[in-house]
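2 protein chains.
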Amino acid sequence: MATARTLNFNAGPATLPLPALERAQRELLDFAGSGMSVMEHSHRGKEYEAVHREAGALLRELLAIPATHEVLFLQGGATQHFAQIPMNFIDKGRTADYVVTGVWGEKAVSEGKPMAALMGGALRVALSTAEGPEGGERTYRRAPAPSEVKAAEGAAYLHFTTNETIHGVQYDGYPDGGAVPLIADMSSDILSRPVDVSRFSLIYAGAQKNIGPSGVVLVIVDKALLERSRKDIPKIFQYRVHAENESLYNTPPTFGIYLVRNVLDWVKQAGGVAEMERRNAEKARLIYGAIDAHGDFYRCPVQAENRSKMNVVFRLPSEALEEQFVGEAKKRSMVGIKGHRSVGGIRVSTYNAVSVEWVATLVDFMNEFAKRAR
Amino acid sequence: MATARTLNFNAGPATLPLPALERAQRELLDFAGSGMSVMEHSHRGKEYEAVHREAGALLRELLAIPATHEVLFLQGGATQHFAQIPMNFIDKGRTADYVVTGVWGEKAVSEGKPMAALMGGALRVALSTAEGPEGGERTYRRAPAPSEVKAAEGAAYLHFTTNETIHGVQYDGYPDGGAVPLIADMSSDILSRPVDVSRFSLIYAGAQKNIGPSGVVLVIVDKALLERSRKDIPKIFQYRVHAENESLYNTPPTFGIYLVRNVLDWVKQAGGVAEMERRNAEKARLIYGAIDAHGDFYRCPVQAENRSKMNVVFRLPSEALEEQFVGEAKKRSMVGIKGHRSVGGIRVSTYNAVSVEWVATLVDFMNEFAKRAR
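Protein chains in written order, with the numbering used here: chain A, 1 to 374; chain B, 1001 to 1374.
No wet-lab data here; the hints were simulated from the structure. Small disclaimer: the values here were computed from a predicted structure and weren't measured.
Simulated pairs of lysine to any residue, SDA-like, Cα-Cα distance not exceeding 25 Å:
1. Lys-1046(B) <-> Thr-6(A)
2. Lys-113(A) <-> Ser-1229(B)
3. Lys-46(A) <-> Ser-1342(B)
Listed below are several chain B residues computed to face chain A (Cβ distance under 7 Å; list not exhaustive):
4. Thr-1015
5. Gln-1080
6. Ala-1083
7. Thr-1251
Derived coverage of chain A by chain B (criterion: at least 3 residues anywhere in the stretch with Cβ under 8 Å from a Cβ of chain B; other residues may be distant):
8. 5-15
9. 27-36
10. 254-261
C-beta: ideal position from N, C-alpha, C; glycine also.
Construct the complete structure from the given sequences, taking the supplied hints into account.
Written out as structure tokens, the structure is:
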């Protein structure tokens, strides 16, 4: 009955590891012999609680998260946290600094700004790598080198986006905030490579790329930052309150967290984050290799050291050829490679669950197409 | 391989219709012949979009929602919307009125108050049916009659909770706000009986009782209210923006909404909301009948006309007997009937997906237990 699995290069929601899905399918009607689905269990019952704790423990283990930091499973997508972060951490009269390297950084600013104002503070763009006129479509082709980024003295925090999915720009070495707390949106590259969590006051990530389905947001936050966070906002928006309640202050998205658990367990079984990094490097080598081997046909606009290992963007000589490329790929069961509507071109997302084999198949097609269609 | 299905009377997350789960299981790895799970599809692709639209259309049909009202699928649980509603609808210098008939009304007030203050407005309890000292455990045994409730002239809105899950108190006839917009938290009784949506400016409901899994919140909102809502808050918190973007402003919880679609389709196939009301009345008749038939053993503290048809709360002569009752029920494969830890006793939740047969089985046990343990 099973159709062959489609080679899914979607930018998010994205492909998930097959074993994580098969486990969910197997257990869907009867979780742990309980005669009910995990999503029918109370979030305060021991069956779900075990899943909830395991998800947190797996993440701690995989990212070597120090005891100084809390792990939270929340909702609202990264977009909500663009607003919730300033709500929690910008005090009256204070300013937070943002580094913008693509559309998601722009969105963090545009959602955060009105919230900062409501909180009696402000938010400023400390550095942007945008090219092109303000207000128009802007291009981003690089992330700053660590030495380029200076947070203002006394800034509430310094925010940046480790990987930009639309422009395919990824940091190669993170800024140093000095005394200013670092906050990073890692939605699209968390768990793709090891990270020194202790350098960050807060890391957050929507689940729908490397962690699980949409509807879950992961927050890793330093207790020291929580202690300084605002108490005059509703409890439901306070990261501190969620930490005190182990992400059970209100009903969490239990089935989403269950799926996150399944994915994290798959990462562990596969060899952990180091092995993910190795596979991601291999996939990037294959695709960027094909792009560079046909440099007169494929063109990646991103500066070499910031070429994303999660979202590979490139152009063909014409939009007509790009359309043909997408169409022919689809006939070969490869989907999700059309560039974001705001920038066009091709985008191949190569998150953890995208296998080296899938990428090799795509690269074979790229090579063949370049020779034939040129 | 299948274990027999447990009789699940959980208060939420709660039991879901078996056909909705079976459909999810069947399609989990391969949605609509696409070779991928629905949760792996882009939220902007045609496969998911069809599900998203069908969920909205089914809800519109089942509740006869007029064209004046938008249907939104959001996140954060009802608790987040306790804060988000004042953020959107309390203008500077304005006050919103709340009617409190249980713990969820209290929470709506406690989450809403700091937000109202941040927005330069206020929130007041217009009426509470609490019994007992402020600050202590409070008992609620009734909802006000419509004529008891008067919203202050010029109030931003009048908010109430149609069913209180912990105290088992449900409205029998809704207040009339006059010129003041009515806002109702219907988390625990939406779709359990027909409702005249046109009377409400906003209805909201966490999905995890009658609609689907946790992690999805349904909002039904009058366009006229949206036009008057605040624009100085982040877009991600603006109901207006979600309406303009058909709940696709940011990535929605796609798999959760897919499950909601499955549940709504089940409601429709079963005969719609009128049939749900008939079944719920029958279940209530059976349980309250058993309570009243053994009035010297079981005792429901709720005033007759406000006895909830969704959460039946009652006491036994002693806590020891209550414990024995819960334990023996569990041996008979009936779970989720322990009262909320804040009030004790027994609570049987009889949401739409709880069958009349399950309730009849429980009632047989109640009758037998009362005779034996007395």
